[in-house]
Every structure is written in structure tokens, then in C-alpha cells.
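> Residue-level listing of the chains:
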Amino acid sequence: MKTINKKQQRKWGIFPKGRRAQMQMMETIGVIFIFFVLVLFGSIFYFKFQEISFQNQQEELLAQKAMDITLVTLFLPEIQCSQGDAESEDNCVDMTKVRAMNMMMEENPRYLTDYYFNIFGYANISVNMVYPINYSWTVYEFEKTGIYDNGTEYSAWDRKEATYFVITLRDGMQGYGYDSAVSSLFLGNEIIYSFGYLKIEVFS
Amino acid sequence: MANRRGQTEMIGLVVIVIMLTLGMLFLAKFALQEEPAKKIFTRKGLAYSTMSAVMKTELECYDSATSNDPDELKVQADLLEDCADVVRFNTAGDISCYGYDSSCDLLEEEISILLNATLGEWHKEYLFSAEVLVGTEPLTVLEIDSGGCATSTERDSSGLFPIYVTNVGLIESVLYICE
Amino acid sequence: MVVRRRVRSKTGQMTLSFNWIFVLIAGTMILLFFVGIIIKQKSVSEQKLNFDIVTVMDSILTGSTVSERTINFVDISGLAGFELYFDCELDDGGGFDDIFAQYGITGSTASSELPMQVLFAPKTMEGTEMITWSLPYKMPYKVMDLLMVTSTSVKYYVIGGENTAFRTDLENATDGFTIEFISDVSEISSPGDLYHVRIIDLDGSTLVHSMEIPDILKDADTGVVTGILISDTLSSVNYFAKNGDVWNKLTSAGSVPIINTGYEEKDAALYGALFSSDDESYKCNMMKAFKRYYLVTQLYQEKVEEMISYYEEGPEEAQANTDCGLHLTEDASNMEDALNNLASTLTTCIEQGYDYCTELSEYAREVHTLNEALSGENCETLY
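Protein chains in written order, with numbering that gives the first Met the number 0: chain G, 0 to 203; chain Z, 0 to 178; chain H, 0 to 382.
A few of these clues could be false.
[Claimed, not checked] In silico lysine to aspartate or glutamate, EDC-like type, Cα no more than 16 Å apart, as pairs: (1) Z/LYS43 to Z/ASP155; (2) H/LYS47 to G/GLU50; (3) H/LYS265 to G/ASP84.
These are calculated hints, taken from the structure and not from any lab test.
Predicted model only: the values in this text are computed from it and were never measured.
So here's chain G without its partners, still in its complex pose (with noise of 0.2 Å):
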């Protein structure tokens, strides 16, 4: 390697003639190099807080979408309690409707699909008495699943989000609709007013 001498050295600085610009280059070069190491470091620490972000909101919309879909069950015509013409029950549900929801729907499966399901979506909607006796009914079923290629199910869903509400349960007919398996637990109680909660599951 050419040497330089002192004069030179404090013209050109420790470069040797003709290399300083080249020097200079890779200088800028380097800097541009770090500037985009610290654009790359920055973006990634940004998509990364996105992700994040993102699934924060998936989790509030799961939770929003339940807290609607209560709503709209506690609200639903077709089990909330009614009083002829004045307004109907707060909180309440009324059984025999319930037992009717269920025969309807036994009849008529494809009103899950081709009705119900544009208004509760994925979801679960079961009631549940608690007094007189520990049972459950269930008012609306449609499980996120996936079909496997040798046909078999597999539950399709990512997040579960439940929600429970403390309802009254009035049966005018006093059980008498229930199936045998229900009645025989009632032991000859004539109970108007129960006690129970709705349970809705929604799914993503």
C-alpha cells in the first residue's frame, strides 16, 4: 500500500490521494444503511402493535356483538313474556313460548338457517331454570364448525365470549308442556313465576 507523508496527511487527511471521496461514499452509504435499519426496526415494531391492536378490537367486537345479542334475546317476541295489550315483562320468559320456539324449530329447521341466523349469527342461546329445578332449554344453536373430508365436525371457532342474565320464567300452563323426562321433575308443583338466567355464547 502507498504511504503518505505528513504534508500530505494534513492535506488529505489519513486517506492516501484519490480514496477520500471514495471513503466519503462509503460513509453516506453507511448512514443511509443504518437509516433504513432504523425505518425497518420502526416498522416492524409498528405492524407488530397493529397485530396486537388489531386482535384487542377483534376481542371488543366479540364482546359488543354478545352484549347486542342479549339484548335482543331479553327483547325477542318470539319467548318474551307478554300481557295482552299492555306492555310486556321485563327480564321474563315465557315457557310456553319457549316450547313452541322448540317445536317450530324441530318442524321447520331451515328458519335457523334462513332466518335466525341473520340476526344472532354464531351463537348459543340456552335458558336455564335454576328454581324450581336445575334445567336447560335450549332456544337457539348455531355452532361455528368445520366440516373434516371424511365428513366429521370439528369446532371452527377461534373466541367464545358468555354472557348470563338472572330472567323470571312464567309458565301459564304451570309445566304442563314439558316432556315427560321435565314433568316428572316438577313433583306436582304448580308454579307460575320460576327463577333461571338466559346463557349466550357467541363465537369468532
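Chain G is fixed; fit chains Z and H onto it per the hints.
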């Protein structure tokens, strides 16, 4: 060379300051997040609906161990009224159910079961209280406390469920729910 | 020696120029890179914002629908500059399966379909405050809640019908709306910044086909001014729209009958007509209500079967009350037959269209009468 070092140090400092500022901003975002609206709504609505359901529930009252035909008595309209009478005037009350000393015992046991099977299962603390207003002083008719709700500041109320009973007075019932 | 000096000075000039060219190119590339990111992010953010708006609107509309008989004032000043549109169209068939309904933000892809929910609203809406009002549609049992959506930037003028119960009810119910109850068209003021003006004619004096519209409204755009004429008996409506300087009757094929029982103080079907943009939108939304009506009626048919069985084969106390069975199934006019008639009419109605739904009112009234009879005999009522 000395100039260059100074510049390099300045750049380094600036980068650190920017990263610290960004970090603080993100921390602030999460720290200042409000409680999701859903939790608050569900608790308020839940307190009211639970209380309403409890008050309307009809409880079975057997007159003997072998009886197959129980009476169905409403919590608010029948049992609570009788219980207020029992507490106010220290009597045995008009309602007698097998297995219970008075309507108050029946109420306390059954309402506890109802609330435990619902609110308790969902890990919510609660306080059910029924008082009769005698003059200016309230007299406790019934109190069911799961623990921790009496002193909690974050609690939701069902609102008062009042009934007026002749010769007894105004009975006010309320349910508090807290997390 | 002289040659060396000249070479040195040229090197300096070349270095300087090259530096500047390099800086320009590199700088421009970096700037373009960031500008590209910004533009891309801007459009993504706008789309995200639009979808967020629709998501929030979904929630607001759901909440408003279940808060029946409640008027909600929703602050939408954050949506200033965004125009909302509400569409409900019926294809040629006119039945439930021919409905296409959605709402969203004009000029964006953010929208939400409304296959089931009944929503009466202007075709487009903009403003700082949205008003939602939900009323239960009872025929005679509750079918569903009908939601009316409007804005404080939509002005309603109610003309005629002084001292009638309907006008008084409307006046009492619409506190907070941009509504004025007038006795003459001369009282109408200039639209100004209003987004929409609707004239509600209760006596037929203002809305007549080809009649001149009030002078003060002549300069308004065509879509801004509309009208609805309500018949004396409140049993039918006609829609009008501004066409140049005259009124154009949109319902030239015939007025739109209001299908209700007439028992409700605030009839949801009638009030919905006031807020609906036109007859097609109204019929389209009512077809959704009739579909729900059909499902609820089927449910009550199942219930009545259980009731019949209860009073024929149930507990002794139930069997002892023989009047219940009469009203449910034995009498010439009985609940079972009334519900069957309803279900049959509804089947035709939802398949063929609104014009085949007019008989529903009569059968609904019959069910109401029978339910009252059941209540009078201490029987379990249908609803």
C-alpha cells in the same frame, strides 16, 4: 475527528429520546384505557333483572314432611311481607312452612341458594338487603351478604323495590352487585 | 505543474456536482418511499374509519330498536361530512325473497345489510344529531320493533288535521324533532341548511299531484323536498316528491294501505310511513315485518295446540273451565282457525307482495277479540 464524535453522540441521543417518547406514548395509551362499557352495562342491568326475578319468584311451602301439594308463595307479595311482620312485631308470622321456623328462614335460605347459583357461580359478590322503615330508623328484615360488597366502592344497585304493608310499614329491598 | 493544478480544480467541480446529484436522487427516493407509505396508510385508515362507523351504527341501531317507545338522540357530530344512505328495494316479485336492504356511507364500501331489521329512514342523511325511535308492531301480539331513523337536519311540516287525536299525539310524541305544526303553507320557511324537508299533509290541502309547490321551496333540489298525504281515516298514505315546481305523486298506482289493528295509540306501521323515504321503501320494510309476523304466528299456532291439549287433558282445574276450549277451538270463531287464517294469508302475502297483505288487519282483530274473551274467562291467554 472531535467534531464527528460530537455529531455521532448527538444522533445517538436523539434516537434514544425518540424511542423513549414512543415507549411512553404506548404505555400511556394502555394505562389510560377506560373500563370496557360492556362490563358496566351488564352489571347494572344484571342487578335490576336479578332483583326483579327474585321478587317475582314463587317458592314452595310444604306444610308437612309427607305433603305432595305445596303452596306456591311469592317472595315479595307473600313471604317478605310476612317476614317484615315477624321482625317488626317479634311474632311467629302467619306463614308456616315445614323445615323452617318462619318465613324469614325460608326466604334467607332460598334466596341465598338462588343468588349463589347465579351471581355466585359467575364470581360476582352481592348484597341483598330488605329493610322496613319504622319512623326514621330502618329495621333490617333480611340481609344476605356474599362478602366484600358492603364496603366496595365499585358496586351497582338494582334500585329500590318498595312495597307498603298495612300495619307494618314501607319495606324497601335492594340488591348490590360488585366484582 | 500547470497541468496538475487544472486537473485538481476540475476534480473539485466534478466531486461537488456528483455529490449534489447523488443527494438529490437518494433524497427523492427516500421521500417517495415515505410518501408512498403515507398515501397507502391514509386510504387504509379511511376505510377502517368507515367500517368502524358502520360497526358503531350497528350497535346504536340494535340498542335503539330494543328500547321500544323511546326516542334516542345520538350525537353524530363526529360524522360531519359523511353522508349516510338507507336503502330498501323490492325486485319485480315484490315478495320477501326479493328484498335488498342495506345502509352505509355514501361513496365508500363500508355498508351493512339489513335483511331482517325494519328501518324507516330518509334515502340519505347527514347532520350532527341522529334521532332514533322504536315502536312495537302489534298484530295484535307483538311481531317486532320497527325503528324510525331521522336527523335534526330533516325538517317536518305537519299541515291540517287540527284538533284531531293523531295530530295531538304526534305533537306530544315528537319533542326534540325538527318539526313544526302549521295551518297554512305560507308558514313554511326556506330550507336553508336543512338536508331534507318533508311535508305531512293531514287534510289533503297541500299535496295534490301536479299542484305547485310552495314558492319558498321551489329553489330547493329535487331530492330535498318530499311529502306524505295521510287519509282522514289514517288507513292509507300517498307519497309525493318535488318535480321542478310541482308535486309529483309517487303512488299513482294507488295509495299504500296501512296494515294494522287500529288498537294501538301510536301505531308503528303508520308512524313508520311518516319517516319512510317513499312507498317502495315502506313496502320493502313492511315485507320484512310480515316475514317475522309469519314466524311468530307459527309459534303461536304451536302454543294454541298446547293450550287446547291443556284444557282438554290437563289438570282437573284446567279441564273444569270449559269456556276456554270453546274460544280456543270449538266456537264458530275460534283462536285456532283465526291463527290458521292469519298464517295462510301471510304465506300469500310474503310470496306475492304487499298488495296481498291487506286482509291481515281483519284476522288480527279477530285474534285480539278472542284473546280478550280468554282473559275474561280466566283462561291462559294466547299473548
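> Each hint: holds or not?
Hints, verified against the model:
1. Distance restraint check for Z/LYS43 and Z/ASP155: the Cα-Cα separation of roughly 6 Å lies within the 16 Å cut-off, and the hinted pair is therefore satisfied.
2. At most 16 Å may separate the alpha-carbon atoms for a hinted pair to count; H/LYS47 and G/GLU50 meet this at roughly 14 Å.
3. A threshold of 16 Å between alpha carbons decides the hint, and for H/LYS265 with G/ASP84 the separation of about 13 Å falls inside it, so the pair holds.
Consistency note: the structure conflicts with none of the earlier hints.
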